[in-house]
Amino acid sequence: MAGSVTANYVSATAAARTGPLAEPAWVRRTLIAVAVIFLALLLILPLVTVFYYAFKEGVRVYFAALSEPDALSAVRLTLLTAAIVVPANTLFGIAAAWAITKFRFPGKNVLTTLIDLPFAISPVIAGLIFILVFGARGWFGPWLTEHDIKIVFAVPGIVLATAFVTFPFVARELIPLMQAQGTQEEEAATTLGARGWTIFWRIVLPNIKWGLLYGIILCNARAMGEFGAVSVVSGHIRGVTNTIPLHVQIVYNEYKFAAAFAVASLLMLLAFATLAVKSFVEWKYARGLAMKESGESI
Amino acid sequence: MTTHISVKGLSKSYGRFEAVRNVSFDIGKGRLIGLLGPSGGGKTTILRMLAGLETPDAGDIYFHNKRVNDLPPQKRGIGFVFQNYALFRHMTVFDNVAFGLKVQKKKKAEIRERVLHLLKLTGLAGLESRYPQQLSGGQRQRVAFARALAPEPELLLLDEPFAAIDAKVRKELRTWLKEMINRLGITTIFVTHDQEEAVEVADEIMIIHQGRLEQKGTPYEIYKNPQTPFVVGFIGESNTLDDIAHLKGFHDDHADTKAMIRPEFIEIGFEDEIVHRSAAERGVVRNVYFRGANWQIEVEVGPYRLSAYRPLERRTLNPGDEVLVLIHRMYLVNGEQISVAENVLKREALAIHI
Chain V
1 MAGSVTANYV SATAAARTGP LAEPAWVRRT LIAVAVIFLA LLLILPLVTV
51 FYYAFKEGVR VYFAALSEPD ALSAVRLTLL TAAIVVPANT LFGIAAAWAI
101 TKFRFPGKNV LTTLIDLPFA ISPVIAGLIF ILVFGARGWF GPWLTEHDIK
151 IVFAVPGIVL ATAFVTFPFV ARELIPLMQA QGTQEEEAAT TLGARGWTIF
201 WRIVLPNIKW GLLYGIILCN ARAMGEFGAV SVVSGHIRGV TNTIPLHVQI
251 VYNEYKFAAA FAVASLLMLL AFATLAVKSF VEWKYARGLA MKESGESI
Chain Z
1 MTTHISVKGL SKSYGRFEAV RNVSFDIGKG RLIGLLGPSG GGKTTILRML
51 AGLETPDAGD IYFHNKRVND LPPQKRGIGF VFQNYALFRH MTVFDNVAFG
101 LKVQKKKKAE IRERVLHLLK LTGLAGLESR YPQQLSGGQR QRVAFARALA
151 PEPELLLLDE PFAAIDAKVR KELRTWLKEM INRLGITTIF VTHDQEEAVE
201 VADEIMIIHQ GRLEQKGTPY EIYKNPQTPF VVGFIGESNT LDDIAHLKGF
251 HDDHADTKAM IRPEFIEIGF EDEIVHRSAA ERGVVRNVYF RGANWQIEVE
301 VGPYRLSAYR PLERRTLNPG DEVLVLIHRM YLVNGEQISV AENVLKREAL
351 AIHI
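In order, the protein sequence lines correspond to chains V and Z.
Sequence positions in the first sequence follow our numbering and run 1 to 298.
Sequence positions in the second sequence follow our numbering and run 1 to 354.
Please note that a few of the clues may not be correct.
Lysine-lysine pairs mimicking DSSO-like chemistry, simulated, CA-CA at most 30 angstroms apart [to be verified]:
{"no.": "1", "chain 1": "Z", "residue 1": "K102", "chain 2": "V", "residue 2": "K102"}
{"no.": "2", "chain 1": "Z", "residue 1": "K108", "chain 2": "V", "residue 2": "K209"}
{"no.": "3", "chain 1": "V", "residue 1": "K102", "chain 2": "Z", "residue 2": "K75"}
{"no.": "4", "chain 1": "V", "residue 1": "K284", "chain 2": "Z", "residue 2": "K102"}
{"no.": "5", "chain 1": "V", "residue 1": "K102", "chain 2": "V", "residue 2": "K284"}
{"no.": "6", "chain 1": "Z", "residue 1": "K346", "chain 2": "Z", "residue 2": "K224"}
{"no.": "7", "chain 1": "V", "residue 1": "K209", "chain 2": "Z", "residue 2": "K102"}
{"no.": "8", "chain 1": "Z", "residue 1": "K216", "chain 2": "Z", "residue 2": "K66"}
{"no.": "9", "chain 1": "Z", "residue 1": "K107", "chain 2": "Z", "residue 2": "K120"}
{"no.": "10", "chain 1": "Z", "residue 1": "K216", "chain 2": "Z", "residue 2": "K248"}
{"no.": "11", "chain 1": "V", "residue 1": "K209", "chain 2": "Z", "residue 2": "K106"}
{"no.": "12", "chain 1": "Z", "residue 1": "K216", "chain 2": "Z", "residue 2": "K108"}
{"no.": "13", "chain 1": "Z", "residue 1": "K75", "chain 2": "Z", "residue 2": "K102"}
{"no.": "14", "chain 1": "Z", "residue 1": "K105", "chain 2": "V", "residue 2": "K209"}
{"no.": "15", "chain 1": "Z", "residue 1": "K168", "chain 2": "Z", "residue 2": "K120"}
{"no.": "16", "chain 1": "Z", "residue 1": "K171", "chain 2": "Z", "residue 2": "K216"}
{"no.": "17", "chain 1": "Z", "residue 1": "K75", "chain 2": "Z", "residue 2": "K29"}
{"no.": "18", "chain 1": "Z", "residue 1": "K102", "chain 2": "Z", "residue 2": "K224"}
{"no.": "19", "chain 1": "Z", "residue 1": "K258", "chain 2": "Z", "residue 2": "K29"}
{"no.": "20", "chain 1": "Z", "residue 1": "K8", "chain 2": "Z", "residue 2": "K29"}
{"no.": "21", "chain 1": "V", "residue 1": "K102", "chain 2": "Z", "residue 2": "K346"}
{"no.": "22", "chain 1": "Z", "residue 1": "K108", "chain 2": "Z", "residue 2": "K120"}
{"no.": "23", "chain 1": "Z", "residue 1": "K224", "chain 2": "Z", "residue 2": "K258"}
{"no.": "24", "chain 1": "Z", "residue 1": "K108", "chain 2": "Z", "residue 2": "K75"}
{"no.": "25", "chain 1": "V", "residue 1": "K56", "chain 2": "V", "residue 2": "K256"}
{"no.": "26", "chain 1": "V", "residue 1": "K209", "chain 2": "Z", "residue 2": "K107"}
Just some of the chain Z residues that point at chain V, by a computed CB distance under 7 angstroms [to be verified]:
{"no.": "27", "residue": "A51"}
{"no.": "28", "residue": "L53"}
{"no.": "29", "residue": "P73"}
{"no.": "30", "residue": "Q74"}
{"no.": "31", "residue": "F80"}
{"no.": "32", "residue": "Y289"}
Pair ranges (Cβ atoms, derived) [said to hold, decoys possible]:
{"no.": "33", "chain 1": "V", "residue 1": "F200", "chain 2": "Z", "residue 2": "Q104", "range": "12 to 22 angstroms"}
{"no.": "34", "chain 1": "Z", "residue 1": "F290", "chain 2": "V", "residue 2": "A25", "range": "49 to 59 angstroms"}
{"no.": "35", "chain 1": "Z", "residue 1": "K171", "chain 2": "V", "residue 2": "A120", "range": "55 to 65 angstroms"}
{"no.": "36", "chain 1": "V", "residue 1": "W201", "chain 2": "Z", "residue 2": "K171", "range": "35 to 45 angstroms"}
{"no.": "37", "chain 1": "Z", "residue 1": "Y14", "chain 2": "V", "residue 2": "S279", "range": "19 to 29 angstroms"}
{"no.": "38", "chain 1": "V", "residue 1": "V155", "chain 2": "Z", "residue 2": "S136", "range": "27 to 37 angstroms"}
{"no.": "39", "chain 1": "Z", "residue 1": "G77", "chain 2": "V", "residue 2": "D116", "range": "52 to 62 angstroms"}
{"no.": "40", "chain 1": "V", "residue 1": "T198", "chain 2": "Z", "residue 2": "G77", "range": "10 to 20 angstroms"}
Keep in mind the hints are simulated off the structure, nothing from the lab.
Where is the CB? At the ideal position from N, CA and C, for every residue including glycine.
I would like the entire structure built from these sequences, with the hints used as guidance.
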C-alpha cells in the first residue's frame, strides 16, 4: 500500500539486484572485498586497539584510570555540557526548522545557509572566534573582566563552543522532514478549531518525533565528543575545564597509554550506545509504519 | 430562503498574479454550490478566503450578515475538506474525526457517541482503529468528510473533493455526497474543474475563470442561457465559427459575427430525414466516430467544419456521404455578450406547409 513515507532516514533494505541488473561475480566479489578491507582497516582495527590498550595493564589499571578525580571531573563536565547544549540546540533546531519551513520572510535563505556554518567551519576556528569575542583582549573582554565574568577558559566557554559546533544537527534533521510534510495538516487542525500550542503538541510534534529524536542523538554524540573547538576555549585546567576528549589527550601526552585508552573507551561506549539508540529509533519508526500499513485484519 | 453567505468585491493577488478579481455573490442557506472553472482560475483561493486560510486584499465576506473578514478560521464555524484530505496520519480514524470535538473540550462519552454516529453515517463503521495509510482513497475522503462535520459547522467547504479518486468510485461518491448534504441541510461549497461533476452534484454553479465570476445559476440555466463566450465554451461542447455569412437562416443581420454552435443544435441526415429541408445546408460527411451511445459526425458545410451527434438507430453515415445539415440555433458572440439566434428559415418553411 502506498503510504506516504516522507522521512527517508530509515535504512531501507536494498533489493538484491538480480537478473539483467546483476553484475558479474568477480565485480561483486571485488567490491565486497574492498568494502570489507576498508572497514576493517579504518573502523574495526582502531576500535579493537582502543580496548586492547585500555585493558593491556589489567582491569585494575582500567578502573583506576576511570575513577581518578581528574577523570571523574572530566566526565562530569562533559555530562554537564551535554545537558545544557542538547536541550538548547533542540529548542533552537525546532524553532529554526519551524521558521524556515512554515514562514516566508526576508533573509530566509541566509538563515538556512547560516545554520550550516558550523559544519563548514573548522572547529578550531570556531573556538578561536569565542576567544576573539570573549577573551581578555577580545571585544567584550574588558567589560567581562570588569564584571568578573569568566567565559573563556571556563565552563561557559566550553558550553558555548560546544553549542556552536552542534548547532545544525537538530535543525538539519527536521527541515527536510517538515518541508515534505507541508502545512496542510496544520491548516486542517486550524479549521477544526485548534490553535498554536494544540497544533504543535497534537499535530506537528507527533509527525516529527522520530526525526527529532534522531537529531538529538546525533547532537548529543557530537556534544560529548567535540575536541577542536573545546580545546581552544578550555585552557586545559585539570579537574576544572577538561572534558573527556581533552582529558584523554592530556593523559596520553603523559605517556599513560593504558589510562588514556581507558578513558577513551568511555567515548567508544558512548558511541555504541548512540548507535544502539539510533538503531532502536529507526526500528521503532519502521515498525510503526509497518503496523500502520499492514493490519488489514483489524 | 435566507442568505447565508454574502461576498462583496473580493480580490486577491499573489505578487503580480491576480488570483481573484472583484468577485461578488450571495449564497442561500442550505444550498449546495459548485465553484467550477479551469485549474488556476481562482476557485480554491475563493474557498480558502471563505475559510479564513487566506486574507483578501479587498472586499468583504459576510456570514449571516456579520462581517467575518477579521475572524480567524477557528471561529468561522466551517468544516474544510482538503484536496488531499490532509488527514492526521499519526492518528486513527477515530482520533481524526474526534479531533475537532476534543479541541472543543467535549466530554469523552459525548465525543465517542458523535464520532461513532458520524462513522456510521459515512459508512466507515468498524474502521475506527485504522490509520489513514490503511484506507482506500474513497474511505480517506469520507474520513475527511466526517472529520469536517464533527464540530457541527454551519458551512462546509470542499476543495476538489473527488480529484484524487478513481473514476468509478468518484461517481458513487458524488451521489453519496449529494444525498448526505441534502439530508444534513448544511450550506456547502465545493470546488471542481469537472463540469460533469458540478452539473450532477450542485444546486447552483458558479463559473470562475481568470479570477472572475463569469456566471452563477442552476446547471440548467447555465446550460440553457450562457452569458459569456467562456461559459458557452466551458459548459457542454461547441463549434466555434469566426463568421456566419455563409450559413442559411442566420446571415441576415449578423454577417460578421462570431458564433458558437452546440452539437445538439445541429441535425445531420439524408434528404428524407430532415423536415425543414429548405432551412438546411448541404454538406459532406468527413469523419464518423462511434461514441457508445451515439455517433459523432464531422461534416463539412461550405467553409465550415461542424461536429454533431446522430442516434445509433438511424441509418449509418459514412465519410463522403452527401447530407443535409440543419442548424436549429446558435449563440452569437458580441464581445463578452451572448445572444441566441434561431434559424429564421425554419419558421418560414413551417408557415408555407400550413
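Problem set entry | In rising order, the numbers of the hints this structure does not comply with | Those not satisfied are hints 10, 12, 18, 19, 21, 32, 37, 38 and 39.
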